[in-house]
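Taken in sequence, the protein lines are chains A and B. Quick note on numbering: our numbering labels position 101 of the first sequence as 101, and the sequence is numbered without any gaps. Quick note on numbering: our numbering labels position 268 of the second sequence as 268, and the sequence is numbered without any gaps.
These are computed hints drawn from the structure, not numbers from a lab. All values reported here derive from a predicted model rather than from experimental measurement. Hints should not be assumed to be uniformly reliable.
[To be verified] Output of the computed footprint for chain B on chain A, the stretches with three or more beta carbons under 8 Å from beta carbons of chain B: (1) 104-115; (2) 189-200.
[What the hints assert, rightly or not] Covered stretches of chain A (chain B as the covering partner; in silico rule of three or more C-beta atoms under 8 Å from a C-beta of chain B): (3) 6-13; (4) 142-152.
[Claimed, not checked] Take a look, some chain A residues computed to stay more than 12 Å from chain B by CB distance: (5) 18; (6) 26; (7) 27; (8) 35; (9) 50; (10) 61; (11) 119; (12) 207; (13) 252; (14) 264; (15) 335; (16) 361.
In this text, a Cβ means the ideal position worked out from N, Cα and C, and glycines have one as well.
2 protein chains.
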Amino acid sequence: VPIRLPAGLPTPATVVLAERLQRNLTAMSRFAAEAGLALRPHAKTHKCVEIVRRQLAAGATGISVATVGEAEALTAALESDPPPVDDVFVAYPVWADHGLIGRLARLTERVRISVGADSAAGVERLAPLAGRIRLLVEVDCGLRRSGVAPAQAPAVAQAAERAGLDVAGVFTFPGHSYRPGAAEQAAADEARALRAAAEALLSAGFETPVRSGGSTPSARSSHPDALTELRPGVYALNDAQQVELGVARFADVALVVAATVVSRPADDRLVLDAGSKVLGADRPAWTSGYGRLPDWPEARITGLWEHHAVVASDGPGPELGDVVAVAPNHVCTAVNLVPELLVVSDGEELERWPVAARAANR
Amino acid sequence: VPIRLPAGLPTPATVVLAERLQRNLTAMSRFAAEAGLALRPHAKTHKCVEIVRRQLAAGATGISVATVGEAEALTAALESDPPPVDDVFVAYPVWADHGLIGRLARLTERVRISVGADSAAGVERLAPLAGRIRLLVEVDCGLRRSGVAPAQAPAVAQAAERAGLDVAGVFTFPGHSYRPGAAEQAAADEARALRAAAEALLSAGFETPVRSGGSTPSARSSHPDALTELRPGVYALNDAQQVELGVARFADVALVVAATVVSRPADDRLVLDAGSKVLGADRPAWTSGYGRLPDWPEARITGLWEHHAVVASDGPGPELGDVVAVAPNHVCTAVNLVPELLVVSDGEELERWPVAARAANR
Numbered sequence: 001v002p003i004r005l006p007a008g009l010p011t012p013a014t015v016v017l018a019e020r021l022q023r024n025l026t027a028m029s030r031f032a033a034e035a036g037l038a039l040r041p042h043a044k045t046h047k048c049v050e051i052v053r054r055q056l057a058a059g060a061t062g063i064s065v066a067t068v069g070e071a072e073a074l075t076a077a078l079e080s081d082p083p084p085v086d087d088v089f090v091a092y093p094v095w096a097d098h099g100l101i102g103r104l105a106r107l108t109e110r111v112r113i114s115v116g117a118d119s120a121a122g123v124e125r126l127a128p129l130a131g132r133i134r135l136l137v138e139v140d141c142g143l144r145r146s147g148v149a150p151a152q153a154p155a156v157a158q159a160a161e162r163a164g165l166d167v168a169g170v171f172t173f174p175g176h177s178y179r180p181g182a183a184e185q186a187a188a189d190e191a192r193a194l195r196a197a198a199e200a201l202l203s204a205g206f207e208t209p210v211r212s213g214g215s216t217p218s219a220r221s222s223h224p225d226a227l228t229e230l231r232p233g234v235y236a237l238n239d240a241q242q243v244e245l246g247v248a249r250f251a252d253v254a255l256v257v258a259a260t261v262v263s264r265p266a267d268d269r270l271v272l273d274a275g276s277k278v279l280g281a282d283r284p285a286w287t288s289g290y291g292r293l294p295d296w297p298e299a300r301i302t303g304l305w306e307h308h309a310v311v312a313s314d315g316p317g318p319e320l321g322d323v324v325a326v327a328p329n330h331v332c333t334a335v336n337l338v339p340e341l342l343v344v345s346d347g348e349e350l351e352r353w354p355v356a357a358r359a360a361n362r
Numbered sequence: 001v002p003i004r005l006p007a008g009l010p011t012p013a014t015v016v017l018a019e020r021l022q023r024n025l026t027a028m029s030r031f032a033a034e035a036g037l038a039l040r041p042h043a044k045t046h047k048c049v050e051i052v053r054r055q056l057a058a059g060a061t062g063i064s065v066a067t068v069g070e071a072e073a074l075t076a077a078l079e080s081d082p083p084p085v086d087d088v089f090v091a092y093p094v095w096a097d098h099g100l101i102g103r104l105a106r107l108t109e110r111v112r113i114s115v116g117a118d119s120a121a122g123v124e125r126l127a128p129l130a131g132r133i134r135l136l137v138e139v140d141c142g143l144r145r146s147g148v149a150p151a152q153a154p155a156v157a158q159a160a161e162r163a164g165l166d167v168a169g170v171f172t173f174p175g176h177s178y179r180p181g182a183a184e185q186a187a188a189d190e191a192r193a194l195r196a197a198a199e200a201l202l203s204a205g206f207e208t209p210v211r212s213g214g215s216t217p218s219a220r221s222s223h224p225d226a227l228t229e230l231r232p233g234v235y236a237l238n239d240a241q242q243v244e245l246g247v248a249r250f251a252d253v254a255l256v257v258a259a260t261v262v263s264r265p266a267d268d269r270l271v272l273d274a275g276s277k278v279l280g281a282d283r284p285a286w287t288s289g290y291g292r293l294p295d296w297p298e299a300r301i302t303g304l305w306e307h308h309a310v311v312a313s314d315g316p317g318p319e320l321g322d323v324v325a326v327a328p329n330h331v332c333t334a335v336n337l338v339p340e341l342l343v344v345s346d347g348e349e350l351e352r353w354p355v356a357a358r359a360a361n362r
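This is chain A alone, in the form it adopts within the complex (with noise of 0.2 Å):
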């Protein structure tokens, strides 16, 4: 079934399909509920309330954020009936230099909130804040990203026992899911290491209370006796990364830029004006192109410029003309480059939605 995108719309335009978000939302929901495990989506991909409302309507405990500014976003609206969330987990480690203890503090007195912490130097940056805020320890479980080894984690908690900090547990990324195949892989190694810092944390007198992982490949896949709560973001919305990952059908997909065709140079390619500054450049090693088009699965996005999309066409295809979904390949960063996303059911648009934390970088 064709994505249906409301006539005469300018482009390019950054739509979320309302039906196929709700879809996913719940889906989720779902699967955590079965599993037993807490949901702690990330805010990130979406960075909009309207959404944090919908996924804490389906069944989420809390929100997970990368930075201060978004959480302060997304609680903006807290003075209104309902909140749209009481409980935020900044999982990153922050590193409170520069205001950030003051905004923080202002911060704990509307929702609860909890923040990442790799280091006993970032720990103790945080000791202003003892007894307003939880710690969570993160551990590297493969990424090789930020995260101590799992038997270092007792050395940031004991940081934070010094500062007055009360920890509350451990969290992981499993982001080496994002390859094709490797999602399993990664569900094992996120376990292998939650449960070694948990043992290693509790010899060393810290009970772990909070367990927490998951990514959106590998959320399925998660070992439920070793987590205790899943913060996957991007499957609220889905892209043509998780498309090629197996993850997701192009019928999941709930946010499409709709672009034109505005040149037809040579019968081996078409030119979409959603580029770069719309699709985001992401663009991993393993994917097929500059992201998909959902109506044209044979279609392959070659080129990518800032307002371009070169598309490969050999057989029929779109015209000049034509507006067409493209499928960005990460819809985190997708969203963050407009102001706005346009809700669209059947067709017609139903509401606009203010990305309300974008560019909220620190």
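Chain A is already provided as a structure; the job is to place chain B on it using the hints.
Then chain B, alone, in the frame of chain A:
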């Protein structure tokens, strides 16, 4: 000489180094003047009225933009004195639909507008603007993006004539200059395509007073006898790509992202709080990584996520908590990610420039 950033800067922060910007503007203006070429900088790089003013003051004859929205944003201050710009070329195969004719007509009341075209169908849609805009035919010189083959330029021009539109000439983008060692060949291709198109157009009765080309990597290899005008953009600010192409030195990079070392989880790497949502995700295969650290030229950014840059390091390097300057791979996408640029001179904040045309994608 290390880059001097204001003390206590919340990170990540996107910073323009004022003296370097001015030096870059002056150098390209001087080059163009000596080559006898008009300089029409591409403003999609910086999207700032303040930089447009400086480019014009340095001798530019007008600006290039990629979208009608950029033209609107950058001329919006026209009532001001002096006007920021009065001659704008939308260097794109404009497909005039969904309100675009009205928007272009309003622009022509205030500034001279030229637009690109590479199809008869695209030209026909511009007919309501006959007598108000100038057309430049886009030809491809090897990038294989938009633009017809030079021999097909007359067909586009004839469509323009039928629609009563003024054809001012021809343009091309030698973007295949974006590979190490490719600039000279791209400039030669550009010259050949512009000459061939001009000859074909002349045979069909069309003069080409404007023959426009240029990209930052190829600009200084341009063939002045084949061109009348250069449209480089990146040169104003430069980026890691230009350094790795050998087009700029680190000392010419006038935009950096200030980032804090937030994690040092192992001896082989450190993590910065600048990711793809502030640096952009551009990562051509020929680059060494996801950007560079001008003050640590041996360092490589081997991994990039939305809020993490992983810097591989086995020698001396920045420490946990240090603030470092990062040169993004592609400055045009980095600028588009933030609402304002912090202008710094000699380690002090001078002012803030709004990214006026941010997300002006249509």
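Comparing the hints with the structure gives:
{"no.": "1", "hint": "104-115", "verdict": "violated (count 0)"}
{"no.": "2", "hint": "189-200", "verdict": "violated (count 0)"}
{"no.": "3", "hint": "6-13", "verdict": "holds (count 6)"}
{"no.": "4", "hint": "142-152", "verdict": "holds (count 6)"}
{"no.": "5", "hint": "18", "verdict": "holds (22 Å)"}
{"no.": "6", "hint": "26", "verdict": "holds (26 Å)"}
{"no.": "7", "hint": "27", "verdict": "holds (24 Å)"}
{"no.": "8", "hint": "35", "verdict": "holds (26 Å)"}
{"no.": "9", "hint": "50", "verdict": "holds (20 Å)"}
{"no.": "10", "hint": "61", "verdict": "holds (23 Å)"}
{"no.": "11", "hint": "119", "verdict": "violated (6 Å)"}
{"no.": "12", "hint": "207", "verdict": "holds (23 Å)"}
{"no.": "13", "hint": "252", "verdict": "holds (21 Å)"}
{"no.": "14", "hint": "264", "verdict": "violated (7 Å)"}
{"no.": "15", "hint": "335", "verdict": "violated (10 Å)"}
{"no.": "16", "hint": "361", "verdict": "violated (5 Å)"}
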